[in-house]
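Trainee: Protein chains in written order, with the numbering used here: chain A, 1 to 190; chain B, 1 to 190; chain C, 1 to 190; chain D, 1 to 190.
No copy is singled out in the list; a pair is fine if it fits within one copy or between any two copies.
Taking lysine-lysine and the PhoX-like style, the derived pairs with C-alpha atoms no more than 25 Å apart in a straight line are:
1. K120 with K63
2. K144 with K185
3. K144 with K178
4. K136 with K172
5. K172 with K120
6. K185 with K136
7. K120 with K136
8. K135 with K180
9. K92 with K135
10. K148 with K178
11. K20 with K77
12. K186 with K144
13. K144 with K92
14. K180 with K148
15. K143 with K180
16. K186 with K171
17. K148 with K172
18. K143 with K186
19. K63 with K47
20. K171 with K136
Source of the hints: derived by calculation from the structure; they are not laboratory data.
4 protein chains.
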Amino acid sequence: MSIQFHFLIFVSDYSLMTEKKEKILSHALQLFAENGFNATSTSKIAKLAGVSEGLIFRHFSNKEGLLLAIMELGNEKAADLFSVIHASDDPKSQLKAVLSIPFEIEPTEYAFWKLMYSLKWQAKEYDASMSSELKKVITNIFKKLNYKNSEEEAELLLMLFDGIASSILLKKVENSEKLKNMILKKYQLL
Amino acid sequence: MSIQFHFLIFVSDYSLMTEKKEKILSHALQLFAENGFNATSTSKIAKLAGVSEGLIFRHFSNKEGLLLAIMELGNEKAADLFSVIHASDDPKSQLKAVLSIPFEIEPTEYAFWKLMYSLKWQAKEYDASMSSELKKVITNIFKKLNYKNSEEEAELLLMLFDGIASSILLKKVENSEKLKNMILKKYQLL
Amino acid sequence: MSIQFHFLIFVSDYSLMTEKKEKILSHALQLFAENGFNATSTSKIAKLAGVSEGLIFRHFSNKEGLLLAIMELGNEKAADLFSVIHASDDPKSQLKAVLSIPFEIEPTEYAFWKLMYSLKWQAKEYDASMSSELKKVITNIFKKLNYKNSEEEAELLLMLFDGIASSILLKKVENSEKLKNMILKKYQLL
Amino acid sequence: MSIQFHFLIFVSDYSLMTEKKEKILSHALQLFAENGFNATSTSKIAKLAGVSEGLIFRHFSNKEGLLLAIMELGNEKAADLFSVIHASDDPKSQLKAVLSIPFEIEPTEYAFWKLMYSLKWQAKEYDASMSSELKKVITNIFKKLNYKNSEEEAELLLMLFDGIASSILLKKVENSEKLKNMILKKYQLL
DNA sequence: GATGAATGAGTTTTCATTCAT
DNA sequence: AATGAATGAAAACTCATTCAT
Chain A
1 MSIQFHFLIF VSDYSLMTEK KEKILSHALQ LFAENGFNAT STSKIAKLAG VSEGLIFRHF
61 SNKEGLLLAI MELGNEKAAD LFSVIHASDD PKSQLKAVLS IPFEIEPTEY AFWKLMYSLK
121 WQAKEYDASM SSELKKVITN IFKKLNYKNS EEEAELLLML FDGIASSILL KKVENSEKLK
181 NMILKKYQLL
Chain B
1 MSIQFHFLIF VSDYSLMTEK KEKILSHALQ LFAENGFNAT STSKIAKLAG VSEGLIFRHF
61 SNKEGLLLAI MELGNEKAAD LFSVIHASDD PKSQLKAVLS IPFEIEPTEY AFWKLMYSLK
121 WQAKEYDASM SSELKKVITN IFKKLNYKNS EEEAELLLML FDGIASSILL KKVENSEKLK
181 NMILKKYQLL
Chain C
1 MSIQFHFLIF VSDYSLMTEK KEKILSHALQ LFAENGFNAT STSKIAKLAG VSEGLIFRHF
61 SNKEGLLLAI MELGNEKAAD LFSVIHASDD PKSQLKAVLS IPFEIEPTEY AFWKLMYSLK
121 WQAKEYDASM SSELKKVITN IFKKLNYKNS EEEAELLLML FDGIASSILL KKVENSEKLK
181 NMILKKYQLL
Chain D
1 MSIQFHFLIF VSDYSLMTEK KEKILSHALQ LFAENGFNAT STSKIAKLAG VSEGLIFRHF
61 SNKEGLLLAI MELGNEKAAD LFSVIHASDD PKSQLKAVLS IPFEIEPTEY AFWKLMYSLK
121 WQAKEYDASM SSELKKVITN IFKKLNYKNS EEEAELLLML FDGIASSILL KKVENSEKLK
181 NMILKKYQLL
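My request is simple: use the sequences and hints to build the entire structure.
Mentor: Spelled out as structure tokens, the structure:
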């Protein structure tokens, strides 16, 4: 999820939404994140959002449409996180920035990212697009750093990235600062 | 599916099960793996298994009980996979064996492991016992290899392990042999 | 059944109900009264009411909620029956009015009251509020008539009341007019 | 129930029952009394009795047969209670004995009698037989006491009897001793 | 845009009963 | 006599979706 949704630059315009549409979206996100997509009924969403159930379908055609809309939010959030890469031109700083991302997720956002990660394992379609864009960027960083198999290095880093993020989101990590430093050291970024 | 079940016969104690209970279990596994837990109805399972729907509840109390039974199979399968560690006393060989596991999952077993990985994101209380046991074993290997932060190294390796396995199961990996070698080289196992 | 519902229209606030909700209520009452609560399935009610089964749950949450709604009708009906007490200020007339009630239940309403009486034996927490209110009123009547143990007299009368009503509802009584007169004589009301 | 089942003198022979049949009977009684007939599944009975579910059907053909068998126990218990009438020849003592019965039910037997009373309101068949036998006995007592309408007096007394018993079983009575004395006084038995 | 009544197909689960052993 | 695996029909309840207003 982290991967395929990065860098969808187009940002949906919240200002174009009615207040109620926004409320549906935000509360659906909350419930999907807390209980999963399937375990969340449209009626629960409607109740929590304080709208009629029918309105959900007027705005998002169906439940999956609502999920899709939320996933676009995911893209935007992801793009936002990865935008730190472009804060610097130095490849080392860039790599460090990428590897730091999972350690800096706000705990308040855990539920949201758990949802995004869990979706990877479910639907067929959502998984279609390949990481492509992000992989290219990271491949380029490795190239600048004169790594031999820059593309595979990028793949490997993204796998590690997902492994770390997963562990953090599932609350398996306690000593995150130490871990982060070890990783940075392995990539000779400290 | 049929294949992994021939395997399973040696793992869990099928001899205690009636034929129909076995059939429920194997077909539930198949359907859960293919479509996910929530998207699989007990009636579909019953039909596919050639069994009355009520029998599922006689044997497993409820749908979640069925899932639990399958997850136990998963633990046994996982334990089996990791048993390769004990084939050697040499820590380097052991580490190599562990890191090789994700690359050697049988494609026929992908659906099963996808189910297991996806469950991590759903279940409220995911059984951490197996993975903590594994962490100890790997920590020990790193100790023998004189790594400084052996425990954190073990954690890191398990994260990488999950990242790799996830990528493979989601069919994002094409050049797995090359990747595997790179990883082994990073751990100086080649 | 149709008859008692014309009656009900004046009692409970049907104007707040949609036509279909009304239909569910009236047919559920009919079926519960005829066959008992447990022996009446929601699907039967829905069919008889010409309504989708789901609608029952939309309106009453669950089967018990439907029963509760009916029991409220029962309370209103009961209150209505006992309102005759207030038609006079004379305690003798009042007592006579109360004791006459069971003998004047319309045979068309037997099914309904059988349901109400049968529920006393099932429900864990039977609503005692109405009957305690009634006990007070009758205690007061006995006080005005200078009975010594007015409260216990009221209790006794209510027990007799229930005994009579039960017998009548279970069609054990043939000579009701004679019985009624005997009772009134015992209370010196003739 | 009290009424129609009194004086069925035939006592089913417990000694002819196997241990398991007895266990089924006693535990079914317990569960029916606690939760009602409909709310008690044969599987619960079997579990509590420590027998296989099938055995219930071998011994009692079906669930209703089990209930019938229990109701015969009810007859016996009732006959037992009313046998006090024959302890004396004096009609006053006999009347006193009858009226005392409801006040002397053992609290441990409440559940059983609640079941018996609740059954009156449910099934059609169980209600068929008229009180007859008991009514005759009491009519005779009133005759000996020179009451005018001895038959109606008997009916009335039985109604009162049921009303009192119902109140006691539904735990609505706190001052039972006072009530009992008031009743006995009304019948000039004190 | 927004409501909320209504639906119909589906869900999990229960349960009395049968039957081979 | 006793077991326990198995069934089939029905139970209560859910839910995404539609539609008249």
